[in-house]
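> Sequence:
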Amino acid sequence: MSRKRGRKKSENKSFKDYLKQGGQKPKIEILPRKTCPLGKYSQWWITKLGIICKEEVPLKAHTWKEVIPRERETLYKRVLDVDLNQEHVMEAVNESFRKIFKQMRHKLHKQYMDIPDGTAKRDSPPDDVSQENWEHLCAWFESDEFQKKSRAGKGGRNCLKVNHNGGCKSFVRHRYEKVISAYTFV
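Each residue of the sequence shown is one higher than the one before, starting from 1 at the first, in the UniProt record's numbering.
Keep in mind that the hints are not guaranteed to be accurate.
[Claimed, not checked] Here are the simulated lysine-lysine pairs, DSSO-like style, with alpha carbons at most 30 Å apart:
hint, residue 1, residue 2
1, K13, K27
2, K178, K149
3, K154, K77
4, K40, K121
5, K40, K102
6, K34, K161
7, K54, K65
8, K65, K77
9, K65, K20
10, K25, K154
11, K25, K54
12, K77, K48
13, K25, K40
14, K54, K121
15, K77, K99
16, K20, K54
17, K178, K13
18, K149, K110
19, K110, K154
20, K27, K121
21, K102, K27
22, K60, K40
Quick caveat, the hints were computed from the structure, so don't treat them as lab data.
Make a model of the complete structure from these sequences and hints.
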């Protein structure tokens, strides 16, 4: 039986091509009271944080708060050129890592739920997750604490009248592009 070929791992190819052409790491600016950068390099930044998160963040942490400061420091060193000494920048970096980590764990839970009941779910880890980490995640997904949080989240989502329909772009990015397009004549 042939399986549909999925997407490859993200590698931030356009960023690598930019560096090969002699470009330095682009300076990323995050404005005060914003949770992510805006402008030309914002997508590179988001993709880079996703790659860092998948490679470095320990899956034994259930939330971003549980990632210890020493492990966070190694992540911060790999972030693109941003001034981490500014408080609003550090908050934006942490918020971005938190969102990405949450999305990553959601995808792993979705893969866990896609495995049919009655089969050994612990014997089917995703390609990029070690057997030890997968067993730990399965134990967490089966725990009473996680089930309680899951039921509460499901109840909250059922109360929504309108689902978010902005796609993968943040509201901040949509607003930025709207402002830019108002000043750009094509």
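> List, from low to high, the hint numbers that the structure doesn't satisfy.
2, 3, 4, 9, 10, 20, 22
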